[in-house]
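Engineer: First to last, the protein sequences are chains A and B. So the number in this note's numbering is just where the residue sits in the first sequence, counting from 1, plus 1. So the number in this note's numbering is just where the residue sits in the second sequence, counting from 1, plus 246.
Among these hints, one or two may not hold up.
To be verified - Derived lysine to aspartate or glutamate pairs resembling DMTMM-like cross-links, with alpha carbons at most 25 Å apart: (1) B:K444 / A:E17; (2) B:K444 / A:E36; (3) B:K396 / B:D358; (4) B:K396 / A:E50.
Said to hold, decoys possible - Covered by chain A, per the in silico footprint, the following chain B stretches (three or more residues, Cβ under 8 Å): (5) 364–374; (6) 439–453.
What the hints assert, rightly or not - A short list of chain A residues far from chain B (calculated; beta carbon distances all over 12 Å): (7) S28; (8) L29; (9) D30; (10) A31; (11) R32; (12) T33; (13) L35; (14) E36; (15) Q37; (16) V40.
Hints listed in this document are in silico derivations from the structure and should not be mistaken for laboratory results. Yeah, the Cβ is synthetic: ideal placement off N, Cα and C, and Gly gets one too.
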Amino acid sequence: MSSRVPDQPTCREIVELVTDYLEGRLSLDARTRLEQHLVYCDWCRVYLEQIRQTIRVAGSVSEASLSPQAREDLVRLFRDWKGKK
Amino acid sequence: MTSAGVHPGELELVAALRQRDESAFLALVRRFHSSMVRVAGVFVKSEAIAEEVVQEAWLAVLEGINAFEGRASLRSWMFSIVANRARTRAQREARSEPFSSFEDPEGEPTVDPARFHPPDHPRWPGHWSSPPERWAEEQLLLQETVYLAKRAIEELPPAQRQVIVLRDVEGCSAEEACEALGVSDGNQRVLLHRARAKVRAMLEPHLRRTP
Numbered sequence: 002m003s004s005r006v007p008d009q010p011t012c013r014e015i016v017e018l019v020t021d022y023l024e025g026r027l028s029l030d031a032r033t034r035l036e037q038h039l040v041y042c043d044w045c046r047v048y049l050e051q052i053r054q055t056i057r058v059a060g061s062v063s064e065a066s067l068s069p070q071a072r073e074d075l076v077r078l079f080r081d082w083k084g085k086k
Numbered sequence: 247m248t249s250a251g252v253h254p255g256e257l258e259l260v261a262a263l264r265q266r267d268e269s270a271f272l273a274l275v276r277r278f279h280s281s282m283v284r285v286a287g288v289f290v291k292s293e294a295i296a297e298e299v300v301q302e303a304w305l306a307v308l309e310g311i312n313a314f315e316g317r318a319s320l321r322s323w324m325f326s327i328v329a330n331r332a333r334t335r336a337q338r339e340a341r342s343e344p345f346s347s348f349e350d351p352e353g354e355p356t357v358d359p360a361r362f363h364p365p366d367h368p369r370w371p372g373h374w375s376s377p378p379e380r381w382a383e384e385q386l387l388l389q390e391t392v393y394l395a396k397r398a399i400e401e402l403p404p405a406q407r408q409v410i411v412l413r414d415v416e417g418c419s420a421e422e423a424c425e426a427l428g429v430s431d432g433n434q435r436v437l438l439h440r441a442r443a444k445v446r447a448m449l450e451p452h453l454r455r456t457p
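Looking at chain B on its own, in the form it has when it is part of the complex:
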């Protein structure tokens, strides 16, 4: 996947959609609908509202398809339509949490400081005192583990959740995530860092290799 621009096959779909070809539309629906619901869901938090927002977004996609220039990928263009609509909807329902609220102070450690030797330790200052234990690979893709990760993501502060859903669940590039969420690259990376560290920490007690 290239980081920007239209992916192979997308141009054909876009051209067909401009001709009002229903099968092209359904191909896009199959490819993007579930992802769009997930993206909307990080703003509005109710599956039913997310579905409504995505219906609106599909109409906006159809109405705007002639204006799509192919500078961004089709996906990031569609995701930014969904994100904007979901944000507006969330604000209207006063359930919005402004993107700027990080909810945990920046610069705080993402790993519990108690797991490291103190800075004045004579031999190993700042090194692991309670190091991570290797995870059992075969546990990773169990339903249970995936479910735990889903729960962990849902519990993140909104801005972190939005970034990790786009980046790691949907597999968007950094550029795509910034475009959809309207945040700077640096900001996006800080949020992603905190989100991944927290999800890792929540998986950790469950994935410790049993002796």
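Excised from the complex, chain A in its bound form:
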């Protein structure tokens, strides 16, 4: 007996829908089928969670606080602009 229900998306299809899902851009029908899939598929749940984790890690990628030199240049730029008017 096949466990594949006709019209149910496969895992391979689900992974291509995660961004549209997270962006709220799936149709109601597609979203329902995706969420039903997630109910029984631990692995796709892990995949979706990892995409969320990836977004979080990307959000921590930040560096380069303003150097004193850059700040000085900008203050000068501002004062030149202010003096010009």
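We have chain A; now place chain B onto it with these hints.
Structural biologist: Frame of chain A, contents of chain B only:
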């Protein structure tokens, strides 16, 4: 954060800047400068050139502050100034890669097809054969992981890199990213999807929970 329009506190800063108030300017610099350098950096690829572009962009912000209408957020208005200037600069230095070059064909799977059972599998067609393993939460925010993500983002094709930097590194909304990059919403989402999948795949071997 609302998806469009001016954020709380921004109107006051803009009004003060129109009065040529230096502390308002420095408040904007503190809030946006590093982000602007990062946005410029996805086009020009050299930190020094990115800094120059952002200096130019700040002047354009000052010159244009009276024309800022508050229809878009201040951030997306400033980011689009930076993006335009960085793009022009990159073209001038012939290091530009046209935005339309996706560099990997659209419609290709973002997860290695070998990780799924084939379509003719008797029981589990198209289901995971080599499923992802849960990541150890405590590893996620280690310096090392963040560094890997940074490297992964740097290695993306330019258009994907531009979108993921704006969306996930800077936290822009879809509307803000489209406005700054001049791409359609659908295009933006395709690029974001490919970028996130690739960064996830590059983190995966490092984050597998050790047995």
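Engineer: Compare the structure with each hint and give your call.
Structural biologist: Results of checking the hints against the structure:
1. B:K444 / A:E17: Between K444 of chain B and E17 of chain A the Cα gap is close to 12 Å, so the pair holds against 25 Å.
2. B:K444 / A:E36: Cα-Cα ~23 Å, so holds.
3. B:K396 / B:D358: holds, 22 Å
4. B:K396 / A:E50: holds, 20 Å
5. 364–374: Coverage by chain A holds for the stretch 364–374 of chain B (7 residues, Cβ < 8 Å).
6. 439–453: It holds: at least three residues are needed, and the stretch 439–453 of chain B offers 7 whose Cβ sits within less than 8 Å of chain A.
7. S28: Holds: least Cβ distance 14 Å, greater than 12 Å.
8. L29: holds, 18 Å
9. D30: For D30 of chain A, whose nearest Cβ neighbour in chain B is about 19 Å away, the distance exceeds 12 Å, so it holds.
10. A31: Consistent with the label, A31 of chain A stays out of reach of chain B, its closest Cβ about 14 Å off (over 12 Å).
11. R32: Nearest chain B Cβ is 15 Å from R32 of chain A, so the label holds.
12. T33: holds, 19 Å
13. L35: Check passes; 14 Å lies beyond 12 Å.
14. E36: holds, 17 Å
15. Q37: Given that every Cβ of chain B is farther than 12 Å from that of Q37 of chain A, nearest at about 15 Å, it holds.
16. V40: holds, 15 Å
Of the numbered hints stated above, none is contradicted by the structure.
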